[in-house]
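Visitor: Using the sequences plus the hints, can you model the full thing?
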Amino acid sequence: MFGLPGQGMHLRIDALSALFLCILAPQTLAAAIAGMRGSVTFWAFILGMVLALLAADAFTLIFGFELMSAASWLLVLQGDRKPATLYAGIAMFSAACLIPAVFLPASSIAFLLVLLGTGAKAGLAPLHAWLPRAHPAPPAGVSAVMSGGMVKVALYILIRYGFMVFGAAAQPWWGALLIVAGAASVLIGALRSMLETEMKTALACSTIEHVGLIAVGLGIALRAKAMGDPALAALALQGALLCAIAHGLFKPMLFLGAGAIKQATGTTSLDWLGGLMRGMPRLGALMLLAAGGMAALPLGPGFAPEFLLLHAVIAAANTGGILARIGFTALLAGLGLATALTLGAAVRLIGIGFLGRPRTLHAAAAEDAEPATLAAIALLAACCIPVSLLPGLIVFALVPVIGLLVPGADPAPLAYAPLSLAVILLIVTALAFLALRKFGTRGTREVAAWNGGFGRPPVWLPFGDPTTQPTASGFAEPIHRAIGRFMLATGGADPSEAYLLLPIIRLHSRLTRLAEHIRRTTIRERLAFVFAALVMFLLALGLGQGG
Amino acid sequence: MLYFLAALLATLLHAALVFAFAPLLLGGITKLRARLLGRRGPPLLQPYRLLTRLLRKTTLQPETTTHLYPVWSFAAFAALATSALLVPSFCTGLLTANLSDFITLIGLLALARAATLLAGLESGFGFGGAAAAREALFSVFAEAALLVILISFVLIAHAPTVDSIAEAFRTGHIGISVSLGFALAAILAVALTEAGRIPADNPAGHLELAMVHEAMLLEYSGRYLLLFEYAAMLRLLVWMNLIGTVFFPFGMARAGDLLSWPGGLLLWAIKLTAMATALALFEVSTAKMRVFRVPEFLGVAMLLGVLSGVFLFVASRVGG
Chain A
16 MFGLPGQGMH
26 LRIDALSALF
36 LCILAPQTLA
46 AAIAGMRGSV
56 TFWAFILGMV
66 LALLAADAFT
76 LIFGFELMSA
86 ASWLLVLQGD
96 RKPATLYAGI
106 AMFSAACLIP
116 AVFLPASSIA
126 FLLVLLGTGA
136 KAGLAPLHAW
146 LPRAHPAPPA
156 GVSAVMSGGM
166 VKVALYILIR
176 YGFMVFGAAA
186 QPWWGALLIV
196 AGAASVLIGA
206 LRSMLETEMK
216 TALACSTIEH
226 VGLIAVGLGI
236 ALRAKAMGDP
246 ALAALALQGA
256 LLCAIAHGLF
266 KPMLFLGAGA
276 IKQATGTTSL
286 DWLGGLMRGM
296 PRLGALMLLA
306 AGGMAALPLG
316 PGFAPEFLLL
326 HAVIAAANTG
336 GILARIGFTA
346 LLAGLGLATA
356 LTLGAAVRLI
366 GIGFLGRPRT
376 LHAAAAEDAE
386 PATLAAIALL
396 AACCIPVSLL
406 PGLIVFALVP
416 VIGLLVPGAD
426 PAPLAYAPLS
436 LAVILLIVTA
446 LAFLALRKFG
456 TRGTREVAAW
466 NGGFGRPPVW
476 LPFGDPTTQP
486 TASGFAEPIH
496 RAIGRFMLAT
506 GGADPSEAYL
516 LLPIIRLHSR
526 LTRLAEHIRR
536 TTIRERLAFV
546 FAALVMFLLA
556 LGLGQGG
Chain B
61 MLYFLAALLA
71 TLLHAALVFA
81 FAPLLLGGIT
91 KLRARLLGRR
101 GPPLLQPYRL
111 LTRLLRKTTL
121 QPETTTHLYP
131 VWSFAAFAAL
141 ATSALLVPSF
151 CTGLLTANLS
161 DFITLIGLLA
171 LARAATLLAG
181 LESGFGFGGA
191 AAAREALFSV
201 FAEAALLVIL
211 ISFVLIAHAP
221 TVDSIAEAFR
231 TGHIGISVSL
241 GFALAAILAV
251 ALTEAGRIPA
261 DNPAGHLELA
271 MVHEAMLLEY
281 SGRYLLLFEY
291 AAMLRLLVWM
301 NLIGTVFFPF
311 GMARAGDLLS
321 WPGGLLLWAI
331 KLTAMATALA
341 LFEVSTAKMR
351 VFRVPEFLGV
361 AMLLGVLSGV
371 FLFVASRVGG
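Chains A and B, in that order, are what the protein sequence lines are. Under this note's numbering, the first sequence has 262 at position 247, and the numbering climbs by one with no breaks. Under this note's numbering, the second sequence has 311 at position 251, and the numbering climbs by one with no breaks.
Hint data in this document are derived by calculation from the structure and do not stem from the laboratory. Don't take every hint at face value.
If you want the footprint, here are the derived chain A segments under chain B, 3+ residues with CB under 8 Å [as the list claims (entries may be wrong)]:
| id | segment |
| --- | --- |
| 1 | 288-294 |
| 2 | 422-432 |
| 3 | 442-452 |
| 4 | 464-474 |
| 5 | 482-488 |
Since the structure is predicted, the reported quantities are computational estimates derived from the model, not experimental observations. By construction, the Cβ of each residue, glycine as well, lies at the ideal position given by its N, Cα and C atoms.
Guide: And the structure:
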């Protein structure tokens, strides 16, 4: 019915596409519940992603991928015009790389083109500058699926081509390239998510970080597979795929929550919020859980993938030449830096946005989110429970996928046992609670905060002077001073923007000026040009004949 | 069965000792430090008195806090108490041995740190926020350094849990390795920063502007402050146990072998005393650093960690 004439459209489902459909399903459902179900463009966007995941031939794959790009461009356009243009440019670049690549035979060039095409769509450094601009623009439900789902579809295509279609021609340096790009994304994403004050932008930056983590895992797996080490490949793949699953749950939660905050207060800038936990207790509790996942804290959904990835990096440091080993040591340092930065970003999100005192009247008057939004976030939170507490089961369920990607691999079970850890934590908390109740003085009295002795604020400022509390940018200032100065371009701009996007824009305007110059030439200059061209042509012809 | 009973007994004894003696360790260090400075110092049991006094006090909750105010203290305490149960003290082979993966431990410390940072931001006043921002800065470098050090442990011991690393270092003939020397120097720097000791933070300071760990708890009182204070004492002991177990596992008892316990206990006491003395000596001979010098201090630690890895790789290349 559809597809190329005479060939039709081929759909097939295997373990890998089933896994990514499972990642896509909960967030789509949640976004639909949260208010996107009436939008035709949204469903076209979802249809495009599903087609890309189910495609069995290259044409269907490209068709689905481009449908996804076009629909999401329309959705971004509804939110904001400016990033939509940038987004369309990146989508075209991605298509221009991907379309030739899928019809090429398995070779390094084809893999490089696939990496460029999918990397641009997934937000891998250095092609990530559009993501923090475009992802926050559309309504929250779309942002959620773009961050949680769309980047995963791009990574799915990377996995499908890197491991399966081009699998026979794989070289170790493909993996190394992916690791380098992933590490750069992890660092820049984590740093920027710590520094951005706009909540949705910070979340989009954290998406870059998680895409980078997945890419690091995939890169280690690709390298290990090409070097004939299926055990390490399986370990790294477990980490990467589990990270994709976990990120597909907690990031949509955070984006939907940010949308609810926007609706309640009219802003998502952390510097205008504060104290939301009082007005929005249920949303606050759900956001706290999701932020725990983002920060990769133990017993959260984000910890098991982090655990597996770090172990994969350590195991990879035992393979290859000495330079590769030192590289993996540096990679581990980078991951440690990024983990702590993400923890800081998550703490800032909760601590500045939800705790403390309200910074504006809007924040003080915020009321809890609509039941539909809360239900959507709670649905995702419920899906987080098995990922957080029973990651061993999920890792077991990943065995067929890993068998498909790395034939002959025998994935080891997960060494991290969150259930026993949870039991110990619960026992310790319960004992502390009971001991305090039995032996301690029970009363709690509400008083004015001590605040270094400044005492109670005047009555006309019920929450004290809003300017005396730490702001989001103030909280990030030490990190900006110690790390940001070295990793960001001047003025705090993203290096990809400053060193890649801006030169392209400058080149474009210079070429435009040149073209304009040619267009404005007088008739004499044009005639002279035509005459000169004729003389040159004849000269060349004559020389060619004479020689 | 018998082995399980012995391990259970050892775990219970470990828990009891760790929870009972964590305040004494802090008291000992404070006393020793005061003596070295020529003062008499507070009594050895002062930390216990602090805890019982806090237990008796009414808790004062600032009006500007949310209903999550008590949650952070319980979270920080539970995370540190769990890590105290995971890191072996006098013997290896505890019931929690399989859980004591190094990365889980780093995660638990991060959980405690997150709870403390949120406690600092809870009431929305300047001191807590400023201290939280500094702590976030320190943690970035400390975590990176710790992960780099981990690489040499895991690659030498071929095992990721603290328990099995100790077991491998005790039985294996590793000798004195250059790598482990660098790793020790690096982990000491991380431990000093994470435990809030002198070059990074002054535990005896009284100026809010200069505080890091203490300033985040300024708005806490009564039983919730007790949890935080106790957690800080446990954290110091966890770091000492970790360093003692990984770098000096010689002569540690085995949980299944009851006869080896007295020796292990004695050795543990000696190790803690030695480390406490070293810490006190170090603290009286150094000054606190400026906040923005600490990242450099930890950067050196990270570099030492990388060097330790490099030496390991070169050695394996030359040796293999």
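Visitor: Take the hints in turn and mark each one as holding or not.
Guide: To see whether the hints hold, each was checked on the structure:
For the segment 288-294 of chain A, the stated coverage by chain B holds: 4 residues have a C-beta nearer than 8 Å to a C-beta of that chain, and at least 3 were required. A count of 3 residues in the segment 422-432 of chain A with a Cβ less than 8 Å from any Cβ of chain B is obtained; the coverage claim is therefore met, three being the minimum. Counting residues of the segment 442-452 of chain A whose beta carbon lies closer than 8 Å to any beta carbon of chain B gives 5, which reaches the threshold of three, so the coverage claim holds. Under a criterion of three residues with beta carbons nearer than 8 Å to beta carbons of chain B, the stated coverage of the segment 464-474 of chain A is upheld, 4 such residues being counted.
With 3 residues having a beta carbon nearer than 8 Å to a beta carbon of chain B, the segment 482-488 of chain A meets the requirement of three or more and the stated coverage holds.
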